[in-house]
Amino acid sequence: GQQVMQIPQYQHVQEGEDFTTYCNSSTTLSNIQWYKQRPGGHPVFLIQLVKSGEVKKQKRLTFQFGEAKKNSSLHITATQTTDVGTYFCAYGLSFGAGTTVTVRA
Amino acid sequence: EAQVTQNPRYLITVTGKKLTVTCSQNMNHEYMSWYRQDPGLGLRQIYYSMNVEVTDKGDVPEGYKVSRKEKRNFPLILESPSPNQTSLYFCASSAGLAGVSYNEQFFGPGTRLTVL
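Heads up: the sequence lines are chains C and D, in that order.
Residue numbering for the first sequence follows the numbering used here, starting at 1 and increasing by one per position.
Residue numbering for the second sequence follows the numbering used here, starting at 1 and increasing by one per position.
Do not take every clue at face value.
[Unchecked claim] Part of the chain C face toward chain D, derived, beta carbon under 10 Å:
#1 Q11
#2 Q33
#3 Y35
#4 V50
#5 S52
#6 V55
#7 A97
[What the hints assert, rightly or not] Non-contacting residues of chain C with respect to chain D, defined by C-beta distances greater than 10 Å in every case (computed):
#8 D18
#9 Y22
#10 N31
#11 H42
#12 V44
#13 A90
#14 G92
#15 L93
If you are wondering where the hints come from, they were derived from the structure by calculation, not from laboratory data.
Built from N, CA and C at the ideal position, the CB exists for glycine as well.
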């Protein structure tokens, strides 16, 4: 079964606001990956985190790996309509259920 | 251009009629996987392959078969499709392991299957 759990399942955001989506595991992870799937598209790799407490940024996206390597988060600042889609975390070849983001203009 | 291709992109079929969805990658990747995507359930792995002639079950293998006779191809076979296999299917490939971490996966465009 899925080794990583994502919350929330849905996130409705006002354009310009920030939000965070979380990925949790009951076991220690050697790494975590994040993917984005635009509506009607396929998942596309965003980033991989490997080190405990690691923080990586991609423009308005900030990815964090927990100190215990059991959780990860994706924080998006100043949400734009281009951020619409489903964000998945993945461990190995297993994916979480995803957080689907919609944006109100 | 590095890519994963799937065919067909859309398919409507009837219960019990055998079908094959093809998947091909041109990146010389060792790992290939099949996923199905259903609302609220995310991506669930059906089968995966770590190399030619090496395949293994994922989380939801029932009703599916795969083969890996060549490195570039990984077809998904539904011997007797049923309506509960109506779903969006993705094939993916990756270079496999890099130390203890998996390399990123590259996904195909998806195949939307409807079984009546």
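Evaluated hints:
The beta carbon of Q11(C) is not positioned within 10 Å of any beta carbon in chain D (closest approach about 14 Å), and the interface hint is therefore violated. Look at Q33(C): its Cβ gets to within about 7 Å of chain D, closer than 10 Å, so that hint holds up. Taking 10 Å as the C-beta contact cut-off toward chain D, the hint placing Y35(C) at the interface holds, the least distance being around 8 Å. For V50(C), the shortest C-beta to C-beta distance to chain D is roughly 6 Å, which falls under 10 Å, so the interface hint holds.
For the restraint placing S52(C) at the interface with chain D, the shortest Cβ-Cβ distance is roughly 13 Å, beyond the 10 Å limit, so the hint is violated. Taking 10 Å as the C-beta cut-off, the interface hint given for V55(C) is violated, the closest approach to chain D being about 17 Å. At its closest, the beta carbon of A97(C) sits 4 Å from a beta carbon of chain D; the interface hint therefore holds under the 10 Å criterion. Interface exclusion of D18(C) from chain D stands, the closest Cβ pair being 24 Å apart, more than 10 Å.
The claim that Y22(C) is not at the interface with chain D holds, since no C-beta of that chain comes within 10 Å of its own (minimum 14 Å). Separation of N31(C) from chain D is inadequate, the least Cβ-Cβ distance of about 4 Å not exceeding the 10 Å criterion. In this structure H42(C) is not separated from chain D by more than 10 Å, as the shortest Cβ-Cβ distance comes to only about 4 Å. The claim that V44(C) is not at the interface with chain D is violated, since a C-beta of that chain comes within 10 Å of its own (minimum 7 Å).
Distance check on A90(C): its Cβ comes as close as 8 Å (rounded) to a Cβ of chain D, failing to clear the 10 Å threshold; non-interface status is violated. Separation of G92(C) from chain D is inadequate, the least Cβ-Cβ distance of about 5 Å not exceeding the 10 Å criterion. For L93(C), the non-interface assignment is contradicted: its Cβ lies about 6 Å from the closest Cβ of chain D, within the 10 Å cut-off.
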